[in-house]
Amino acid sequence: MDGAWIALLLTLKVAGWATLLNLLLGVAVGHALAHRAFPGRSVLDAILTLPMVMPPTVLGYYLLVLIGNHGPLGSWLQATFGINLIFTWQGAVIAATIVAFPLVFKAARAAFEAVDPQLEQAARVLGVSELAVFFRVSLPLAWRGILSGLLLAFARATGEFGATLMVAGSIPGKTQTLSIAVFEAVQAGQDDVAALLVGLTSLTCLAVLLAAGKLAPGYTTRQTPR
Amino acid sequence: MNTPACDGAIWDIDIARHYRHGQRRFDLALQINSSAGRLVLFGPSGAGKSQTLQMMAGLVRPDRGHIRVSAQTLFDSAAHINLSARQRQLGYVFQDYALFPHLTVLQNIAFGLARGWRNPARNISHSEVERWLLALELQPLAGLYPAQLSGGQCQRTALARALVTGPKALLLDEPFAALDRPLRLRLRDELRDLQQQIQLPMLLITHDEDDVAHFAQDIVHLAHGRVHAKEQS
Numbered sequence: 001m002d003g004a005w006i007a008l009l010l011t012l013k014v015a016g017w018a019t020l021l022n023l024l025l026g027v028a029v030g031h032a033l034a035h036r037a038f039p040g041r042s043v044l045d046a047i048l049t050l051p052m053v054m055p056p057t058v059l060g061y062y063l064l065v066l067i068g069n070h071g072p073l074g075s076w077l078q079a080t081f082g083i084n085l086i087f088t089w090q091g092a093v094i095a096a097t098i099v100a101f102p103l104v105f106k107a108a109r110a111a112f113e114a115v116d117p118q119l120e121q122a123a124r125v126l127g128v129s130e131l132a133v134f135f136r137v138s139l140p141l142a143w144r145g146i147l148s149g150l151l152l153a154f155a156r157a158t159g160e161f162g163a164t165l166m167v168a169g170s171i172p173g174k175t176q177t178l179s180i181a182v183f184e185a186v187q188a189g190q191d192d193v194a195a196l197l198v199g200l201t202s203l204t205c206l207a208v209l210l211a212a213g214k215l216a217p218g219y220t221t222r223q224t225p226r
Numbered sequence: 001m002n003t004p005a006c007d008g009a010i011w012d013i014d015i016a017r018h019y020r021h022g023q024r025r026f027d028l029a030l031q032i033n034s035s036a037g038r039l040v041l042f043g044p045s046g047a048g049k050s051q052t053l054q055m056m057a058g059l060v061r062p063d064r065g066h067i068r069v070s071a072q073t074l075f076d077s078a079a080h081i082n083l084s085a086r087q088r089q090l091g092y093v094f095q096d097y098a099l100f101p102h103l104t105v106l107q108n109i110a111f112g113l114a115r116g117w118r119n120p121a122r123n124i125s126h127s128e129v130e131r132w133l134l135a136l137e138l139q140p141l142a143g144l145y146p147a148q149l150s151g152g153q154c155q156r157t158a159l160a161r162a163l164v165t166g167p168k169a170l171l172l173d174e175p176f177a178a179l180d181r182p183l184r185l186r187l188r189d190e191l192r193d194l195q196q197q198i199q200l201p202m203l204l205i206t207h208d209e210d211d212v213a214h215f216a217q218d219i220v221h222l223a224h225g226r227v228h229a230k231e232q233s
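First to last, the protein sequences are chains A and B.
According to the numbering used here, the first sequence holds residues 1 to 226 in order.
According to the numbering used here, the second sequence holds residues 1 to 233 in order.
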């Protein structure tokens, strides 16, 4: 049953990378949209939220068109760096990142908008740089909201199926994540394998939720009166 | 009383700005020239007091005019000078204090002293921080968070945070409005004594006549975005 563990590790690797990328992308974009007013902001917000409402297979199709060997980005990557993303675990990371992105971006934007602008002004008047205002005031105050978005994104990336299957395929040990392995096992009539995979997936999700529960209250206790 | 020449004024303000919020328009245009260590802008809400303070601090840009404090030019539209809020080196006490909720009293006070992108440590030790903790009787509260403080304690913390960086002047936005009356009277006297002690120019805005009577050396009455009257007390 080594295959199940390999699928689990691969799933965690893909979801972990997708979450890390979304930490950077979602926080940066969420902060920019919360603080800068520009024409077309609501249109941009809607476009960036699309991955949450569109069928994952549609996203997978877009990705194939873009980063496939004949796509504009795919052929450029191939010609310039010799990189091929289709049917690789890195391709699965890209698919999972895009599918989970709105969960982090939405949470980050809401969290940054909830920070009292006067606190950021107070920091500026005290003479600290714009970068320091972000790292010392905005980010710590928005962190809880961002963290909840990140955990949802990790869970979403773990369960990602449609877009990943289209971009990365289902190569055992290479791109076959847990959710895809379950599908394959059921298709092949291997009920015992499917049962193990399902059990493993459920335990992983439970562990993530418990970890989330441990992380969240640590912050609140600091602010309650002794 | 010191009577400096015209160009020796502490406060030399001549600003204009047009505000638009949907259908509502508001024009602010005022000139203030004063050499008072304790200048009070007095007027009803909506007179443009807070807007004036925000322009002084560099948080809002006037359309035109100039702002000079102790002969240093902070803003001059004709000369294309507009120092950013962090370059102006002014202390600002916000109306509801704007203390950082995720930092202790000690960290709040030391905030402006820590450069870089990390907040001061919870056990930071710095002579200026010690000085103001002591002067404003905040030492027993150093480890508490703002949510655990009373209104008066918040006000002192905000004051210490503004003073610790050694500002050129102090701007105070209704600093007593959130306090009950006995505390208000005490803190107002303390602030006046402090100003006399350290000779730091202070500009205070208020809608309370009592503040004017007990704190001001110079008073500027504002109404509808204009200077209504000036007097010396």
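No lab work stands behind these hints, which were simulated from the structure alone.
A hint or two may mislead.
Stated by the list, open to error - A partial selection of chain A residues facing chain B, derived with a Cβ cut-off under 7 Å:
| # | residue |
| --- | --- |
| 1 | L119 |
| 2 | Q121 |
| 3 | A122 |
| 4 | V125 |
| 5 | L126 |
| 6 | L131 |
| 7 | A132 |
| 8 | F135 |
| 9 | R136 |
| 10 | P140 |
| 11 | R144 |
| 12 | T204 |
| 13 | A207 |
What the hints assert, rightly or not - Simulated restraints on C-beta separations:
| # | chain 1 | residue 1 | chain 2 | residue 2 | range |
| --- | --- | --- | --- | --- | --- |
| 14 | A | F135 | B | P140 | 42 to 48 Å |
| 15 | A | P39 | B | H126 | 41 to 47 Å |
| 16 | A | L131 | B | R131 | 45 to 51 Å |
| 17 | A | L20 | B | R118 | 18 to 24 Å |
| 18 | A | P39 | B | A78 | 28 to 34 Å |
| 19 | A | L131 | B | Q148 | 27 to 33 Å |
| 20 | A | R144 | B | P140 | 40 to 46 Å |
| 21 | B | G116 | A | V186 | 51 to 57 Å |
| 22 | A | L66 | B | S70 | 29 to 35 Å |
| 23 | B | G116 | A | A79 | 41 to 47 Å |
| 24 | B | G46 | A | L66 | 53 to 59 Å |
| 25 | B | R115 | A | S170 | 29 to 35 Å |
| 26 | A | P39 | B | L194 | 44 to 50 Å |
| 27 | B | P44 | A | G16 | 56 to 62 Å |
C-beta atoms are modelled at their ideal positions from N, C-alpha and C, and glycine is treated no differently.
So, going through the hints one by one against the coordinates:
With a cut of 7 Å, the hint placing L119/A at the interface with chain B holds, because the nearest CB-to-CB distance is about 5 Å. Given hint, Q121/A at the interface with chain B, holds; its Cβ is 5 Å from that chain's nearest Cβ, closer than 7 Å. Taken as an interface hint, A122/A checks out: its beta carbon lies about 4 Å from the nearest beta carbon of chain B, inside 7 Å. Among the interface hints, the one on V125/A holds; its C-beta lies about 4 Å from the nearest C-beta in chain B, closer than the 7 Å criterion.
Satisfaction of the interface hint for L126/A is found here, the shortest Cβ-Cβ separation to chain B being roughly 4 Å, below the 7 Å cut-off. Among the interface hints, the one on L131/A holds; its C-beta lies about 6 Å from the nearest C-beta in chain B, closer than the 7 Å criterion. At about 5 Å, the closest approach between the beta carbon of A132/A and any beta carbon in chain B falls short of 7 Å, and the interface hint on this residue holds. Checking F135/A against chain B by beta carbon gives a least distance of about 4 Å; that is within 7 Å, so the hint holds.
Checking R136/A against chain B: minimum C-beta separation of about 5 Å stays under 7 Å; hint holds. At its closest, the beta carbon of P140/A sits 5 Å from a beta carbon of chain B; the interface hint therefore holds under the 7 Å criterion. With its C-beta approaching chain B no nearer than about 10 Å, R144/A sits outside the 7 Å limit, and its interface hint is violated. The restraint placing T204/A at the interface with chain B is violated, with a minimum CB-CB distance near 32 Å, outside the 7 Å limit.
Checking A207/A against chain B: minimum C-beta separation of about 28 Å lies over 7 Å; hint violated. The given range of 42 to 48 Å is broken by F135/A and P140/B, whose C-beta atoms sit roughly 30 Å from each other. A beta carbon spacing of about 46 Å between P39/A and H126/B agrees with the range 41 to 47 Å that was offered as a hint. A hinted range of 45 to 51 Å is violated for the C-beta pair L131/A and R131/B, which are about 29 Å apart.
A beta carbon spacing of about 22 Å between L20/A and R118/B agrees with the range 18 to 24 Å that was offered as a hint. The hinted range of 28 to 34 Å is satisfied by P39/A and A78/B, whose Cβ atoms lie roughly 31 Å apart. Distance hint check: the CB atoms of L131/A and Q148/B are about 30 Å apart, consistent with the given range 27 to 33 Å. Hint check: R144/A to P140/B, Cβ distance near 29 Å, so the stated range 40 to 46 Å is violated.
Between G116/B and V186/A the Cβ separation comes to about 55 Å, which falls inside the hinted range of 51 to 57 Å. Judged by the Cβ atoms, the range 29 to 35 Å given for L66/A and S70/B is violated: they are separated by roughly 59 Å. Taking the beta carbon of each, G116/B and A79/A are about 42 Å apart, inside 41 to 47 Å as hinted. As the Cβ distance of G46/B to L66/A is approximately 54 Å, the hint placing it in 53 to 59 Å holds.
Look at R115/B against S170/A: about 53 Å separates their beta carbons, and that is not inside 29 to 35 Å. Under the hint 44 to 50 Å, the C-beta atoms of P39/A and L194/B, about 48 Å apart, fit the expected range. The hinted window of 56 to 62 Å between P44/B and G16/A holds, with their beta carbons roughly 58 Å apart.
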